[in-house]
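Asker: Spelled out from the first residue to the last, the chains are:
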Amino acid sequence: MTEAQRETHPAHEQAEPLLELRGIRAAYGTIEVLHGVDLQVLPGTVVALLGPNGAGKSTTLQVACGLMKPSSGSVLLAGRDVTGVRAEDLARCGVTTIPEGKGIFPNLTVRENLLMATYAGASMRQVEAVAYERFTRLKERRSQLAGTLSGGEQQMLAMARGLAVDPAVLLLDELSMGLAPLVVEELYGIVGQIAKSGTSILVVEQFARTVLGVADVAAIMVNGLVRKVGTPSEIEQELSAAYLGG
Amino acid sequence: MDKFLIFTIAGLSTAAIYAIAASGLVVTYTTSGIFNFAHGAFSMMAAFMFWQVHMGWGVPTLPAFLLVVFVIGPAFGAIVERGIMRGIEGATDVVKIVVTISLMIALIGISMVIWKPDVARPVPAFFEGQKITVFNAVVNYQRLMAMLIAIAVAIGLRLIFKKTRLGVAMRAVVDDRGLLQLNGGRPSRTSMMAWALGSGMAALSGVLIASEQTLSATTLTLLFINAYAVAVVGRLRSLPGAFLGAVILGLLESYAIGYIPQDAMLGPISLQSSKNAIPAVMLFVVIMLQPQDRLRAHGVSRRSAGSKPVAQRVALVGGAAFILVVAGLGSLMSLTDLNLVTTGFYLAIVTLSLVPLTGYAGQISLAQLTFTGIGAVAMATWGANGSLLGVAIAVGVCAVVGGIVAFPALRLSGIYLALATAAFALFCSAMFFNQVDVMPGGNRQVPRLQIGPLSINSDFRQLVLLAVVFAAIGNLLVLLRRSAWGRRLTAMKDSPVACATLGLNLTSTKVGVFALSAAIAGAAGAISGRTFLADTLTLPGSLSVTMLAVVGGIGSIAGAFFGGMLLGAFPIGATIFAANAIGIFGFVAVSVKDILVFSPGMMGVSLGRDPDGAAPQIALGYRAVAHSVPALVTTAVGASVIWVLAKFDSIGNWSFFAAEMVFILAVVPLLPLLFAPTQVHGRRIATAIWLTLGVIVAALISWDSIFSSTGLRVIAIFVFLFLIARTAIGIFGVNPLDDADSEHVEPPSPDMFGIDRPLTKADALDAERALGLQDELLVLTAADSAGSLSSVGHSSPAGATS
Amino acid sequence: MNLLELESLSVRFGGHLAVSDVSMKVEGGRVSGLIGPNGAGKTTTFNAICGVVTPSSGRVSLGGKDISKIGTHKRARLGIGRTFQRLEVFSSLTVRENIQVGLEIRRSWSRRSATLPQYLADGGDPKPEDEINLILERLDLGPLAEQPVGALPTGHARLVELGRALAARPSVLLLDEPASGLDDSETDIFGDLLITLAANGLGILLVEHDVALVMRVCSHLSVLDFGQVIASGSPEEVRANEAVLSAYLGTAPAPETPEYSGIDLAGSTQEAGS
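Residue numbers (UniProt numbering), protein chains in the order written: chain R, 1 to 246; chain S, 1 to 802; chain A, 1 to 274.
Watch out, some of these pointers could steer you wrong.
[Claimed, not checked] Here are the simulated lysine-lysine pairs, DSS-like style, with alpha carbons at most 30 Å apart:
hint : chain 1 : residue 1 : chain 2 : residue 2
1    : S       : Lys163    : R       : Lys139
2    : A       : Lys65     : A       : Lys25
3    : S       : Lys3      : S       : Lys116
4    : A       : Lys127    : A       : Lys74
5    : R       : Lys139    : S       : Lys162
6    : S       : Lys275    : S       : Lys3
[Said to hold, decoys possible] Chain R stretches covered by chain S per the calculated footprint, using a threshold of three residues with CB under 8 Å from any CB of chain S:
hint : region
7    : 84 to 90
8    : 104 to 112
9    : 119 to 133
No wet-lab data here; the hints were simulated from the structure.
Here a beta-carbon is modelled for each residue, glycine too, at the ideal position from N, C-alpha and C.
Here chain R stands alone, though its shape is the one from the complex (with noise of 0.2 Å):
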């Protein structure tokens, strides 16, 4: 099935992904856990990373954004090699990255992690503008902890730095962790409009069926491997196998 799609569109051989990994392979020490992972992010898409825990999504991330390593294989941004480049420096050239959990500094001010979101280059002014535009409430807590904020609110301010900065990229890791359905819906309704915006979306994510809805191509991950690729209602049907053990 791959040789043939590929030939019936032999134009997009040379789409050049924004973000593309070509056999990663990553270790925590001396155990691998990724074994060569091929993932393709094209211009204006919305990729969704599934898979069971322990699958490799999260350390998948990590590579992309340049928090860890590989052990072999490479990171590719808009065609370029940019394998080991530092996560700040990624960051700094419109790759944004929301890591798992809360990607917030919960012992700083709203208005402090915002403060922080400017060292990707946005002024302060434009940043607060567009983060308290989207999400009134941040503004009334601008000089709260962070970390006293209810999940959704910590994960809005995450999604705000990730709006504000306006970037070409944005890897998104489990933003639905420990948070109700009805929150991360409204959540993903804000993924899909940045995506709308023209932003390419990585999304790793156990809360498989919200985010089926916004992507727009999704990947199964199963022990360190993307198993299968395909649109979101081919990758519906197996999810069940890979999570509950069919």
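Dock chains S and A against the given chain R, drawing on the hints supplied.
Answerer: Frame of chain R; chains S and A shown alone:
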């Protein structure tokens, strides 16, 4: 009332200086997780630097003040962070503590070299000593200024940490270093700035006190160590807590001076110097009040394969051989040499006491020499005739005291145990060793042992006794390591939480091993048969013990011996080379003696370059020697041969020195490689021939006739030995020291990978448009290296809704 | 009989309720499972059971005795053993020594000479040496006995943790993802081992992401989500439970979580409680 006011104001002005120093400490600790024991030494250096700039170079007060506080201090902190501290992030508590302690010792040494202690360096008070009168109390401007500056610092720090991006980033680093990176911040630069800030505060406190204190490296450093107690009030993390602590300590000290009469006695204890003990007592009390640390299960690093314990048979044979060699060599030595070697041996037993505590259990103590002193005093009191009963009592007393001292801190993390033991060392030198009953005239002679009919009545017998005790304790420790208890200690070091879930009472186990360690240190004092001076049983002394024990190689008996001998050897070297000054800069005169003064500290600091290998380059080689029997034998034989040649006047003194130096510093560290059975592929024979030649040449050159001055001779010898060692490594073809650094590759910068401005959504949209992705189906292709399926249909993103 | 019982256990980290009002029973002689998505509070529940974290409210009891207030090592002495999600092996010791330490620690506090539990062997109190060999054999670690644990792959290191815990002769064993790092055939063997251990009297509480394994070995399952038990029952019941499917896959609304309800993410001015 006036008196109270006067002492209150005096106390508050001291508090101001403590508060400034402690804030600096808190800033570095919270941002880097490294408790900087050298912080006090930073302050001390700044006080001297201020003298140098102001008095030495004649720069007016204000520019000198600004230069030291805003330029030199911060620059120094930044360099220390870059050069040393960055390397020990993520290292164990023990390594962190030992590296900063080493830095402190090195700085004290360096400052003594630059600013010779024998010259008085008065710094005039600011504002020419002008005073004003407040409610009948006379306050000089300088003290007023200190208080105002402290307030300014409090406000300034608040502003920095709340309002500036850099300050907020410093707090962000503590919360989540990785997240700051993902924000585009640079944690490494932020940490460097935090150290610069902390060091600037240290400099400020040092400059403020420069005119009020006699400038002495050790005294000033110890004074600022009081600020550590202050910082503990805020759990080392809270600035308001540190300020509160500073006020408490400043006032307590001031009232103690004002209200405790000079001749006050508490029972038999003279309270004369109780002021000096207040910080230690306060530190101890505050630690006792801390709530118990939570156990944490955060996963064990499984890189360390760990060294296998030495076989008991090897330890027994090694111990016996050691005693024989010592006895043989000792019989050849002159009286002065015997004295020097005996010192080294007794110190070797003290460092040996850290093997179970630090080597096996991963805990730390900064008061080993204090326990030695207590053992010595107990022996002198209860074993005046040299009876073994006296030794037993001394050992028992030390074990009990050790257990009591360690108990409160053992509930907490490693840094608190270090601080508690440091407080104990300070307390004992302020309140115990200076009591007339304890050390009349500031010293105490420990009687030599009388074991049944055998009397240790000569220096030679004393030397052999120490060798026997060292070998015996060493063997017992090997036995211990191989016992159930030893395994348990190792297990506890690896994973405390796992031990607790198996039913192990962590606190009592730690108290037990601490008591054992204190007991061994006490035994060293009890059998040392020497005169102890109160002045040597101080905190810096104990710090050196711990530092060199770790430098020597804390996990092994041989490492402890090496550390102890180093500890003994450096002062000896300093005495031998007392007079050889070599001028380098206008105001610096470096002599061989001085190099020896600070080189042990530098060795400890170098642990930071490679904390996993955990040894400065030289110790790396020596530690391997400890694991290789042929290397050990060759070392002993080689050193003895050279010694014997010298003894029978076959070679001159300088040739002996040169040959011995080349042998010990160039040949010995390479021996393990030469004898390594596998893995290392090098030109062994060629290297061995080269090294032998080197030693022979060193012994044949008549150094004293070629070089007229002693200093030149020593330099020539060091250069020669460096050449021999370096070339030997070259011949061998494998540099054993390179392995550790080879992995380090600087990541490419944005300029190098070709993205010259941040990519924006616009770029993505352009690309999208260029590729015509809007409406049609497209295919993702991916290399299929692992058999994964990788092709997909795709629809327009605009259609996606939930 | 109920060996281990949790009653309304809650654990709070600052403002975050990691475990909320969890009640659960672990019976002797069978494997109970605790499953749930990432961050659901499974490991925190384990930590609260063995005293590594302090619950903010609720009760843990073992054999009817309240153990909520006593320290970790005392709970271990009463019969709670565990393994860790992130390995806590003694990496500088060998496989044999790891188990030996577990045994020696037990011998240091267990004064009466307890007989070997049935799940290890058929009666008798063997010599320590034999007991270690027995455990090594049961876990198939014999060939690796002299290897330093630091050099083992994760799967084997997890078995070492299990062996070490068994050496303390627990009555309840908490296993935190013991099968991650094992390959398929090793997992099968491991599942059999758990079944045998339980059949001979050991109470096991298993946290595991390999759902196939969980479904096979557990006779009872509890499902945690947002720190709450959202379902419990036999594996078949749980598999069919709609709330469980949604917890894993995120479709149907989850149970009421007042803490988060009604947050206005879109920035409307509507009143919200949190």
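Asker: Decide, hint by hint, whether the structure agrees.
Answerer: Hints, one by one, checked against the model:
1. Under the criterion of a C-alpha separation no larger than 30 Å, the hint pairing Lys163/S with Lys139/R is consistent with the structure, at around 17 Å.
2. With a C-alpha separation of about 14 Å, the suggested pair Lys65/A and Lys25/A falls inside the 30 Å cut-off, and the hint holds.
3. Between Lys3/S and Lys116/S the CA atoms are separated by roughly 39 Å; this puts the pair beyond 30 Å, and the hint is violated.
4. Between Lys127/A and Lys74/A the CA atoms are separated by roughly 25 Å; this keeps the pair inside 30 Å, and the hint holds.
5. In summary, the hint linking Lys139/R to Lys162/S is supported, as the alpha carbons are separated by about 18 Å, within the 30 Å threshold.
6. Between the alpha carbons of Lys275/S and Lys3/S the distance comes to roughly 18 Å, so the proposed pair stays at or under 30 Å and holds.
7. For the region 84 to 90 of chain R, the proposed coverage by chain S is satisfied: 6 residues have a C-beta within less than 8 Å of a C-beta in that chain, meeting the threshold of three.
8. For the region 104 to 112 of chain R, the assignment as covered by chain S holds, since 6 residues bring a beta-carbon within under 8 Å of that chain's beta-carbons and 3 suffice.
9. Counting residues of the region 119 to 133 of chain R whose CB lies closer than 8 Å to any CB of chain S gives 3, which reaches the minimum of 3, so the coverage claim holds.
Hint compliance for this structure: hint 3 is the single one not met.
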